[in-house]
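Start from chain A and add chain B according to the hints.
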Amino acid sequence: MAECDKLAEQGRRFFLSRGAVAAVGAAAVAGTIPAGAAEAAPAPARIAYPVARLANVADLQPNEPMPISYPDADSPGVVIRLGTPVEGGVGPDGDIVAFSTLCPHKGFPLFFRADDRSLTCPGHYSRFDCEKGGLQIWGQATANLAQFRLSIAANGDITAIGVDELIYGRVSNVLA
Amino acid sequence: MAFKRNIDRLPIPPRDAAVHNVTCHFCIVGCGYKAYSWPVGGQGGTAATENAFGVNLAEQQPAESPAWYAPSMYNIVRQNGRDVHLIIKPDHDCEVNSGLGSVRGARMAETSYSTTTNTLAARLTDPQIWRYGTLSPTSWDDALALVAEVTQRVVAQQGEDGLIVSAFDHGGAGGGYENTWATGKLYFESMKVKNIRIHNRPAYNSEVHGSRDMGVGELNNCYEDAELADTLFVVGANSLETQTNYFLNHWVPNLRGASLDKKRAQLPGEPHAAARIIVVDPRRTVTIAASEAEAGPENVLHLAINSGTDLVLFNALFTEVAARGWVDRAFIAASTSGFDAAVTANATSIEQAAELTGLAAEDIRKAAAWIAEPKQGGARRRTMFAYEKGLIWGNDNYRTNQSLVNIALATGNIGRPGGGCVRLGGHQEGYSRPSDAHVGRPAAYVDQLLINDKGGVHHIWACDHFKTTLNASEFKRAYKRRTDLVKAAMDSVPAGDRAAQVEAILGAIRQGGLFSVDVDIVPSQIGSCAHVVLPAATSGEMNLTSMNGERRMRLVERYMDPPGQALPDALIVARLAQALESAWRAAGDAATADKFKGYDWQTEEDAFEDGYRKHEKGGEFVTYARLRAMGTNGFQEPATALDGERIIGTKRLFADGKFNRPDGRASFAATQWRGLQAEGKQAEKDKFPFLINNGRANLVWQNAYLDQHSDLVRDRFPLPFLQIHPDDMAELHLAEGDLVEVFNDNGATQAMVWPVPTARRRQTFMLFAYPSGVQGNVVGKGVNELIIPNYKQSWGSIRKIAAAPASVQHLTFKSQDYRLA
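Here the protein sequences line up with chains A and B, keeping their order. If you're matching positions, the first sequence starts at 1 in the numbering used here and goes up one per residue. If you're matching positions, the second sequence starts at 1001 in the numbering used here and goes up one per residue.
Calculated from the structure, these hints are not laboratory results. Treat the hints with care, since some could be wrong.
As the list claims (entries may be wrong) - If you anchor each label on the Cβ, the simulated ranges turn out as follows:
id, chain 1, residue 1, chain 2, residue 2, range
1, B, 1686, A, 92, 57 to 67 Å
2, A, 92, B, 1125, 51 to 61 Å
3, A, 92, B, 1049, 42 to 52 Å
4, B, 1803, A, 154, 33 to 43 Å
5, B, 1801, A, 92, 53 to 63 Å
6, A, 92, B, 1297, 41 to 51 Å
Even glycine gets a Cβ: it sits at the ideal position worked out from N, Cα and C.
Looking at chain A on its own, in the form it has when it is part of the complex (with noise of 0.2 Å):
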């Protein structure tokens, strides 16, 4: 529970510092940085997004998030394979999603909670539901939580592919 724990502290801390921070890309959590990134083009997405690997099924354990960023560094998020199969998961047994972790409302970091699967923003109390597409449990966000397209390799690669909501904190996911 090491990551997961991470991302709880990171968002205590930025929590208790809300209004001194002055940048949340600079915080974000070190994850895999996209390689390599190639163009993609998934439906319906207007913009070309890079197609990015974040993990291998291996490295996943069943409800620990992984950090991560999509589509680029400053853009964090977690890879988590919830153990039970879920509509818009993959892998081999359904169960593997990715979400931003910026929080649509402010930007604070979300921190996960393994109890119910959620991801929790210590800012004003925004609730997802990793198990439902990032539904909004309650808060504040006018929007449902992004999630992350994946797709999985023969390999078990974990690859993005796109974003189903704008990003925080971007005028476009892509920044440019």
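Chain B alone, transformed into the frame defined by chain A:
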């Protein structure tokens, strides 16, 4: 799967984008926003020199960035006849919200009318008359002439009591000083209509008569007081959901200890600590969970009383603080009357209160100490008392309201920093009307008039009683029966034969029919019964002034065009008044016709000048130009002077210790407990197993008049929820998401089951006023002596209708409560 917009890029406002002041038109907090607009076909760039924010938008923006806007804050709308991009985003310079956007207000752009993006395509665009078996579009002149002619004929035959009116009386959307003045002038000056009611209750009355009669106006503090208080005492309010950014921006800093520097600076010479909070509510809410996370559970006291027993608790607290001498004797002596008599009349022991409220005696004692025990060194404890619908729409409104004000007065907490005894509010306020004295007190119980075949014509201004009244099952049956009589009559003669139409309508009215005129911005449920529907503009489509819960008055500037032929309510009133003048003149009654003069307003600002400027306290200092210059901060009413062109306001009421009574003294009240006061409530409680408590959800504004057209909200709540303990569900053989019927002798409604382990057994909570399941259907007709409804104390039975429908299969039922990592 959860609703997603699949938007991955937004247009960028250019440096020369137009910027308008916006106050959120939903809840009473009135958060400040700015509307950025620029013509379609162009946009700014990501370079700092190329966009309205002066920020490099090619970079990831930090948390709380003033330079980010969500897809819900964007739309394409018409402005002065041309298409423009529109961004409505929270204003970081507004003292109310400091850049925070609520889940309601931050969707203002997305819930605007657009013929390009097709949002709010349901908006009313044209006047409509019931013709050819449906509501058919027509001109303003045609529609208003019919309304005026039928109204004139009914009033000529029945007197002004034959005209029944339902009208907003508040600020924000569907209200504001311009529109309340206009409707007030028509019905209270040109006419003396007394059969009039307000949007959420069946009569024309204050919800807080109790406080006012003691001389204590109900919006008496400022939002900063929540940052200064030692203790927040909150009754029947779930402020994280219903006054969201007031809670987040002003309560949380105090609970967290972040306002200590402000306390020490403004209130030197006394000890300060982070605030403690007491919440009186039968239900555990997200407000309580968040308060525990912020202040620590040891600084949060949840008094989960038996529903409806608030008054007993307050009398016991009053008795306890008096007995212990934790009162402000100097304040009591200088500024109040009747203290000793009230102490005697209201004497209630903590043990008595514990028995009736179901609370532990030690918790009541703890509450008394948190409220009033002097701080170290003997300094008076500063406690802010705040209440809302749990009290207002709860048992024995008048006395309960007064019993709370008693405590605030005894402890010297009104007119002082860190104090106040305030309603928290629903809508913003915006009341400016000629005297309503002729309405009388108690005011007429208008719903009973409508149910019992009284009156012949009903004018409705932005009200939907089918969703927001009590005894709604019976009300809807009667209303449909009466209006169907008129529809059938109208269908019986050619629509183009006006004289025959009017005769047919009047014939139906003589048979018990009712002619219904509905003014609104969207089709409403009561509007489905109307014979004439008139399209109104809303906030932002007209200039509109209102005040928030700390009396902060702002001007929302017009930033877009109303849909189609829609007009501001004030100008609809003006045209209706002119049509009534013509109708009375045509009927040969020049004297009555002359009463409808004085409506030659060309703009909503004309109505403001005629009303607020001339009639409200301090109105002479207030102009559109000055309000525009004062932006989203405005000033706090009443205005008292000018500093150049800057309006000087009033931070707190009663700061001088003078109250709204002839002798200037606030009066204590005798408030003895009398059980469940409203007719039928005790019998209902005895007969039915489940409390059907009810209230609001963060995501939904009012009766969902706009939200019912929002993809985000419809996806989240296709049906109203009924929160219920899992053990109760097991007994009823229910699973999460199941569709149930809630029923009692008043009627029935439907809801979707939501298991909540923290709920108390047999105490459910249902989303109020939702279009797809109206809680008011099961609320009895019993009211208090001043015709205030009691929505909260309702009891019913629950039975399964169907397993979870497809529309709820994707939903989550996990705990809403925030917990620390």
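Results of checking the hints against the structure:
About 58 Å separates the C-beta atoms of residue 1686 of chain B and residue 92 of chain A, a value consistent with the hinted range of 57 to 67 Å. Between residue 92 of chain A and residue 1125 of chain B the C-beta distance comes to about 54 Å, which sits within the given range of 51 to 61 Å. At roughly 51 Å, the beta carbons of residue 92 of chain A and residue 1049 of chain B sit within the given window of 42 to 52 Å. Look at residue 1803 of chain B against residue 154 of chain A: about 40 Å separates their beta carbons, and that is inside 33 to 43 Å.
Range check, residue 1801 of chain B to residue 92 of chain A: about 39 Å between beta-carbon atoms, so the 53 to 63 Å window is missed. In this structure the supplied range 41 to 51 Å holds for residue 92 of chain A paired with residue 1297 of chain B, their Cβ-Cβ distance being about 43 Å.
Comparing the model with each numbered hint stated earlier shows that hint 5 is the single one that does not hold.
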